[in-house]
Amino acid sequence: MASEKNPDLIHTPPEMAVAEADVRSLEAGAVVRGSSLWRDAWRRLLKNKLAVFGLIVVVIVTIASLLGPYVIKKTFGFTPDYIPTDNPKLSRSFPPFTGPDGEFSWLHPMGTDNAGRDQLARVLQGGQISLFVGVISTLVSLLIGITYGAIAGYFGGRLDNVMMRIVDVLYSLPYVIVIIVLLSLFRSQTPRGQLVLLFIALGSISWLTMARIVRGQVLSLKNQDFVLAARATGVSGSRIIFRHLVPNTLGPVIVYATLTIPQIMLTEAFLSFLGFGVQAPLASWGSLAADGVQNLGIFPWQLIFPGVTMALTLFSLNFLGDGLRDALDPQMRTV
Amino acid sequence: MTTTNGNLLEVKNLRTYFETEDGIVKAVDDISFQLKRGETLGIVGESGSGKSVTNLSIIRLVPDPPGKIVSGEVIFNSTDLLLLTNEAIRKIRGRRIAMIFQDPMTSLNPFMKISKQLMEMTQLHLGHSKSQAYDHAIRMLETVGIPDARARAGNYPHEFSGGMRQRVMIAMALSCEPELLIADEPTTALDVTIQAQILELIKKLKSETGTSVILITHDLGVVAGMTDHVIVMYAGKIFEQARTRELFALPGNPYTKGLLKSVPDPTAEQGKLYQIPGLPPDVAHLKPGCPFAPRCDHVQEICHREFPPFVQLNADHYSLCHFAREVYGESGGTPIQP
Amino acid sequence: MLRFIVRRLLITIPTILVVISLTWVLIKLAPGNFYSTDRPLPPAVEKNIREKYGLDKPWYQQYGKTIWNIVRHFDFGSSLRYEGQSVNTIIWNSLPVSAAIGLLAYLLALLVGITVGSIAALKQNTRWDYGSMALAMVGISVPNFVLGPILVLIFSLTLYWLPPSRWAGFPSRNLILPVLTLSALQMAYIARLTRAGMLEVLRSDYIRTARAKGLSERDVVLKHALRGGLMPVISYTGPALAFLLTGTVVVERIFALPGLGNYFIQASLNRDEPLIIGIVSFIAITLLLMNLLVDIAYAYLDPRVRYQ
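Residue numbers (the working numbering), protein chains in the order written: chain A, -3 to 331; chain B, 6 to 343; chain C, 144 to 451.
Here chain A stands alone, though its shape is the one from the complex:
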């Protein structure tokens, strides 16, 4: 039955939809060829203009988010949370590049929010949180997924069957819904605690496909000669898994991780938008957008700036991921 042989065909989640055929072939155990020549791949990546654009934007945004608030604090003196309490004239929302009396001003390139906080600083700090959550959650899902998939693939047999059945069942669950319930119920007292909750919740969304990919790779690699050689010299099972098999799955893993980060960021953003994600005083792009929507008619810049920044970053990450996939192995590409 098509669905039993290739369950991923039926339930490919959109995050892999763009690489669906790749997933299919990877899970069938097609060996990824030539990914050991990193320099070759790098050269190919550079030829792809969109991917390079993506890479540049991502780097800019990351640096801006990490250093931005600090720089702003040094030059202008406000932190993202700085609410000007002394001057009531400043406690309202200014449009971009506008000063208190409507004159042109360099102070607030993105305007301010209702309490007078500098939007640029807030957006950059939001970027910190969004990117942080995205990367860490992806790492969480990577960890779980790689371990799970490697074990299933290496030991094969009944263990593999059971493990993959579990994955199949989990796949069909509407777990974003369950996560919303979870997050609404277990609201953490501290914003930090909420972040940890988010990492776990978001990480548990994406590990399934990663497990499948890794399993497929391991299955195809484990029968190859170099594994035989390792075993013949008495290397133990777990060593084989982690020192030999895992490095060879690095290519698809990197590609998938790069494509997962924007997916997770999107999920976090919409969770925060609904009120279940990042809690005040921490802000992510999602919660900033939620604040912005409140005043859409009057102060549209409060939504537009975080929204567009987010879209741009996701856009760039997606292109970068696509480019990486094309570069690391042109054979993986079917488009």
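Keep in mind that a hint or two might mislead.
As the list claims (entries may be wrong) - Computed footprint of chain A on chain C; a stretch qualifies when at least three of its residues, placed anywhere within it, have a C-beta under 8 Å from a C-beta of chain A:
| # | segment |
| --- | --- |
| 1 | 281 to 290 |
| 2 | 294 to 304 |
| 3 | 360 to 367 |
| 4 | 382 to 390 |
| 5 | 403 to 416 |
It is worth saying that the hints were derived from the structure and are not from the lab.
No residue lacks a Cβ here, since even glycine has one placed at the ideal position from N, Cα and C.
Chain A is fixed; fit chains B and C onto it per the hints.
Structure of chains B and C alone, referenced to chain A:
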């Protein structure tokens, strides 16, 4: 309708190149040959020799990009196919020139009943109505030897065995009674016993309908029983062409000799199988001189330096070699005076 | 084929029960209660509330009662927040809203996505291809809670072409913006999937045969390539539904539509236990059944599988 000298097909100086990441691959590099009406031409070569691309070029099915027919003429019944519009060439495909491919499993649409795939041909080219096309399809299936054709016409390709599928392909190809049938390795994917059946079928249909055939293969054994003329291709070039009997009896090229030697002969005393040493060349990076030089057992210093001449050994017998006449002589032939 | 269906149903039913139980457990485990406010309630009042809603009974009795009602009568109880309304009624009333925009969004996405994707595949590596795929990428990257408000900003608040949020019955101009917002993501995915599927099919041997038969390019695509090329889109239907679902949640909030998603969020924020369980169960059942249908359709559409 034929050309003035009775040729159904004349290929002149055909060049088809592919643009790849590794550079330009000259898959077909200056090929010329003729096919008389009613004859069978065999094209023999290893993988990568350019034999398939030659035939795709004839009906202009070369994937573009990355391939491109760079120059040459393909004269079919006084018309140069390479100059026709897309619409015109489509009218010829299937109707006047038909092609069958190597792997019948992947060459038939798995989502369509074979009756429909057959009917498509005559509905398109002969203007058949649905019932006419259906009857014709059944008849074609019976002609190629599908048992219980009427019942099986509604089946899907995967419900047939490999040999049956190839018969279906042949039925489809011959539906409109084309003047030329190009068979690209029709038996390579099949069992040996089925191979013989399919070849017999092609032979029989050819004599019944008078269709001319171009048969592409890497197997000399197939060529021996089926063809009137043979072309041996290597690295995109014709290395030898002759009447079949002459080629087998009096080869004039070291490559051909090597191929002949590799055909396993059960009556031979020696137990070891002969293989031409080395591997086919990387056509993207050909060295100067004769492409076969690295593997040739007659090789001399000139072979690495200069590209060999196309020597005429006999009325229809040509060989691409610096020492064609000598090799021909070794085989027992007497080359004509230049 | 029948065995396949039966086997899947056998897995589906326990899965649903697991989902329901899991949700129930989570709600019970979570700190706080639905009736919590900032100030602690006087004990007597609290006791009354707990008695009224059966919260004073031991946990296994509560669990048993919940499951029993569900399995026996499909009765999910009454909402704790919306006095007197049964969960079933709420779901029944809000479902058409979500279904309407969901369905319309998906149909729109299919129409536009398949067309654009097919053309991109046919004109591979041309400006049309790059352009439409870049646009598709934008569609994937812009979150719907950004796209929606921006559309509202442009079309409602600035140009006054379309009415802003509100539910105004089924065929009404109010639906245009929510449907557009919801379908953007799907449109983009389907376009990319179609392109990928078509490209792969167009490279296959049987397409070469079709061309060798002399068929026009249009016939090659429509009669031969499309069937195989759309398979990825069909198998995407399952996940598409799941993503439409999460999409409606946001869209309904933004446009203030009284749909299932909106009620779900409200219930979650209110700790409205019966309503949460009801909606989650309903969603789980729907998704699982839809996935089953998609699997069946996929198996049916591939003759290699159907006639085994």
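Hint check:
1. Residues of the segment 281 to 290 of chain C lying with their CB closer than 8 Å to a CB of chain A number 8, which satisfies the three-residue condition for coverage.
2. Under a criterion of three residues with beta carbons nearer than 8 Å to beta carbons of chain A, the stated coverage of the segment 294 to 304 of chain C is upheld, 3 such residues being counted.
3. Interface restraint, the segment 360 to 367 of chain C with chain A: violated (0 residues with C-beta to C-beta distance below 8 Å; minimum three).
4. Requiring three or more residues with a Cβ within less than 8 Å of a Cβ of chain A, the coverage given for the segment 382 to 390 of chain C holds, as 6 such residues are present.
5. Evaluation of the coverage hint for the segment 403 to 416 of chain C: fulfilled, as 5 residues show C-beta separations to chain A shorter than 8 Å, against a requirement of three.
Comparing the model with each numbered hint stated earlier shows that hint 3 is the single one that does not hold.
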